[in-house]
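There are 2 protein chains.
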Amino acid sequence: MKEVFIDGVGMISFGKYRDRSLVDLMAEAAVLALKDSSTDTVEAIFVGTQNPEEFTGDGNVATMLADRLNLSGIPAWKVETASSSGASVLEVAFMAIASGRFSRVLVVAGEKMTHLDTPKVTRILAEVIEPVERASGASMVALAAMVTQSYAHFCGLSLKRLERILCKVAMKNHYYGSLNPYAQFRNPISEEDYFSSRMISYPLRLYDCAPITDGACACVLTSYRTDIKISGVGHGTDTLAVRHRIFLHHFNAARIAAREAYKMANRSPEEIDFAELHDAFTCFEIIASEDLGFFEEGKGWKAVERNETTVEGKLPINVSGGLKARGHPVGASGLAQAVEIVWQMRGLVPPERRVKKNDIALLHSIGGLSNNNVIIIFEKTGTPMGRGFSFDREIVDASHHKRDPIRVSEIGTLDAYTVLEVPPEGFPRPLVLGLVSVPSGHRILARAAMNMIYKVGERVIVMKEEDTYYFMRPSKLEAILFTLSKIYRKLKIWLKRKLL
Amino acid sequence: MKEVFIDGVGMISFGKYRDRSLVDLMAEAAVLALKDSSTDTVEAIFVGTQNPEEFTGDGNVATMLADRLNLSGIPAWKVETASSSGASVLEVAFMAIASGRFSRVLVVAGEKMTHLDTPKVTRILAEVIEPVERASGASMVALAAMVTQSYAHFCGLSLKRLERILCKVAMKNHYYGSLNPYAQFRNPISEEDYFSSRMISYPLRLYDCAPITDGACACVLTSYRTDIKISGVGHGTDTLAVRHRIFLHHFNAARIAAREAYKMANRSPEEIDFAELHDAFTCFEIIASEDLGFFEEGKGWKAVERNETTVEGKLPINVSGGLKARGHPVGASGLAQAVEIVWQMRGLVPPERRVKKNDIALLHSIGGLSNNNVIIIFEKTGTPMGRGFSFDREIVDASHHKRDPIRVSEIGTLDAYTVLEVPPEGFPRPLVLGLVSVPSGHRILARAAMNMIYKVGERVIVMKEEDTYYFMRPSKLEAILFTLSKIYRKLKIWLKRKLL
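So the protein lines, in turn, are chains A and B.
If you read the first sequence in our numbering, its first letter stands for residue 575, the second for the next number, and so on.
If you read the second sequence in our numbering, its first letter stands for residue 575, the second for the next number, and so on.
Some clues are possibly wrong.
It does not matter which identical chain is used: a pair holds within one copy or between any two.
[Stated by the list, open to error] DSS-like, lysine-lysine: derived pairs with alpha carbons at most 27 Å apart:
1) Lys1029 <-> Lys734
2) Lys576 <-> Lys742
3) Lys803 <-> Lys576
4) Lys837 <-> Lys576
5) Lys930 <-> Lys954
6) Lys1029 <-> Lys873
7) Lys1029 <-> Lys742
8) Lys954 <-> Lys803
9) Lys803 <-> Lys1050
10) Lys876 <-> Lys1029
11) Lys876 <-> Lys734
12) Lys1038 <-> Lys1064
13) Lys803 <-> Lys1070
It should be emphasised that the hints constitute simulated quantities derived from the structure, not laboratory data.
Bound-form chain A, shown alone:
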């Protein structure tokens, strides 16, 4: 297996982006990662996102992003494993480099959710729940609440005590979120805030649940040695139905993933310096800290009580704010954890939340209700890295609209046309569409103003009315007038040049 290293990384602040599309956000994060890299050349793109089709209405997002980055030509894939997509896409890209097929690839993850109302988001997210449980009315938070309760029961914790522990996790993560300029929530919360927050699904309150978020992040993987390498990856799955699992108080998929990742990296849990765990619900952070072997089974809550998971503690966990405060754009969260780890290792986070020892770190991401778990281990290689070759190519601005002309009303050539007898809803039947090349060098997809028989290669007039382009065959007179106006324009330019 070839070694896999991390070059540049990039992330946009998580939060709400009203007027921007998912691909906008992904492209921005990708450019940040490319700018942060030693070179902007990449050979392939891997995109992780949970459900852009239903959240945004766009399909084939990987290719869409390649196009947007002006990188059309290179391969592009979308990888999905529900809310661990951001981590599992990194894992797939890791294998692509490890296989030797590519030497530099771009990994991007993102999700756009806040433009939809909460019931709709909840319904879309619920698609990953096992159908029978979904039909019983169980949402993600309801299942997580039952896991939380089961954990408390296993540990012999009263629910009162459990609540105080969950409150500590929420307060810790919100505090670190307040120190993270990339976090959606940058306000620390108090015990009163926590206990007065709305009960969502007993015993989980609003402050126990990660929010709905827009966000994107990116990372360049390479086979060339840099300061950080990925030394281990692991991935485990569990039964879709929570009720089919033997134990409810821990996650088998996490244990399987951990075993594989530790084995590949040849590391043990004691060697991990800090970790980013999937705290979609506060209790999941505690359960994961046990599943990954940081603390004994049933003892993770004690570590929280003893402040062992703070930045000063034995094992800092989620000192980025975690999913809880950084926000949880579902498909992006796994890769955001990786970006955070890289920034910690490169000393690029604010000193108040910078970990003291940062040689080996681990990320843990959950897809679905722990239907799968992905674990990735990062290590500093000791190689100093010559980064910071910022480059000026404007990638994001090479977007579609830039490739389309702004004003059009002239004669062009009809490159191809079709009479669509089964048009989409809301369009007249038959719908005559044509591709018209205009003198500016652009090509326009336009509707025929009149349904008649056209010929490929003939000259047509193109006009824009509201947002739609129309094309029509010019009358003889019009054709002559257009030719004259063109000559006039050319003459004017020629005269101007002569006179200046």
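Given the structure of chain A, go ahead and fit chain B onto it with the hints provided.
Same frame as chain A, but now just chain B:
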């Protein structure tokens, strides 16, 4: 790079499956592939499918399938690149083996579409079209029609002559489909059938377009030497918008993919013995045959006229029936081509459509309107393969409902419960849900018959009413009666044993 070989493959007949889910179909194909393999052990699952969320309402299908196959625990990913998902998932799995991380993986692809009406399917498929073109009313077939027209124009073909050529492609593929028991359409068509078929988008008729289909197929990849290896893979992308491309009569993404695949395999187009090309529209088969270097640019139609692409011809193309007649379950088609190639190489197809020379073959798959193209080259290794270790493990029957009890009305233990304050639409608020272990060893997700405060670990009665389970705290009397009935049952069994 480690060498990658193909062990077993499997496919279900393509067509319409009214009463079965996507995961049903995928599981059946997966079992066929595992049964066809030298061993049923696999270390990971890669699933290719375009849009199961919107077609079927289920998310995280990769993990769902792992669960269904009783393989929960091993990693599972979904890979998507629109209609080339079946080929690009094979490519990703290829890299997973080539990287050395896994030595045996299961690749499954499938799509379930026929249960939706055509306008809905068309709308979902249209999500991969560039937004501005989509808003103009352009569907996939409209864009394909314009590409077809542009091709005819480039070749200087009259549309009359083009129609006769497209008709030949349609007739050829339907003829081979009639010899393929896995094809959706097993009827040869005549010239009259073709010319009397409905015009969909001029100049494309109904018989120029691949149908809407349900289907699934699977394949086991391994690093252990078998009779067939994957010697080259290639993947290229193009601008999302068709209007932004310089040439309309060929596909740049296919040329990029071909270059990479030929280079990796160290082969030239002349060495390919037969090919499976992406004939979602008849003309695409001709264009691909040029893009891949089989025929000169603008000469592919002549090869069709001269019958060079039939099973007796110089280069048999789509002698499976192609997407046209085998059917086009979008996410599955790419992998179905691979299964067809393997069956041809192993001599498992009917003699009437068996190719004479079958040492090297190529598959070509298109995602979106040629937004991306995937090419994979297969070669016989000369190693005889000891396959056919059929095994009896019943995988498909280990489905969810088997893990749930059929009759329930007894006392169980409440393992966890929650009071969901924000229930999904159509459920009462608050919704009290509980997980109840019953003596049969099953666990049930049930609703509380009465909203009250429960305790984890307490005994509750579970009942089924219509399709919903309810749990309730038994009254003292009920508890005693239940205990008595249990004693009575045990007594009866004891007595029976004594008396027999």
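Legend entry - Within, between, both or neither: lysine 1029, lysine 873 at alpha-carbon 27 Å: between (77 Å within a copy, 22 Å between copies)
Inset, instruction - Please work out whether the CA atoms of lysine 803 and lysine 1070 approach to 27 Å or closer within one copy, between two copies, in both situations, or in neither? - result: Neither: 61 Å inside a chain and 68 Å across chains, both beyond 27 Å.
Inset, instruction - Check lysine 876 against lysine 734 for me: Cα-Cα at most 27 Å, and say if that holds within a copy, between copies, both or neither. - result: within (15 Å within a copy, 80 Å between copies)
Inset, instruction - Please work out whether the CA atoms of lysine 576 and lysine 742 approach to 27 Å or closer within one copy, between two copies, in both situations, or in neither? - result: Answer is neither: 42 Å inside a copy and 49 Å across each miss the 27 Å cutoff.
Inset, instruction - Using 27 Å as the alpha carbon limit, work out where lysine 1038 and lysine 1064 are close: within a copy, between copies, both or neither. - result: within (23 Å within a copy, 83 Å between copies)
Inset, instruction - Go through the copies and call it for lysine 1029 and lysine 734: within, between, both or neither, with a Cα cutoff of 27 Å. - result: between (78 Å within a copy, 13 Å between copies)
Inset, instruction - Measure nothing new, just compare the shortest in-copy and cross-copy C-alpha distances for lysine 803 and lysine 576 to 27 Å and report within, between, both or neither. - result: both (11 Å within a copy, 21 Å between copies)
Inset, instruction - Could you place lysine 1029 and lysine 742 in one of the four classes (within, between, both, neither) given a Cα distance threshold of 27 Å? - result: between (73 Å within a copy, 24 Å between copies)
Legend entry - Status of lysine 954 relative to lysine 930 across identical chains (alpha carbons, at most 27 Å): within (14 Å within a copy, 56 Å between copies)
Legend entry - Intra/inter-copy verdict for lysine 876 and lysine 1029 if alpha-carbon distance must be at most 27 Å: So lysine 876 and lysine 1029 pass the 27 Å test across copies only (23 Å; inside, 78 Å).
Legend entry - Intra/inter-copy verdict for lysine 803 and lysine 1050 if alpha-carbon distance must be at most 27 Å: neither (69 Å within a copy, 63 Å between copies)
Legend entry - Copy assignment of lysine 954 with lysine 803, given that the CA separation must stay at most 27 Å: within (6 Å within a copy, 37 Å between copies)
Going down the numbered hints, you'll see the structure goes against 2, 9 and 13, while the others check out.
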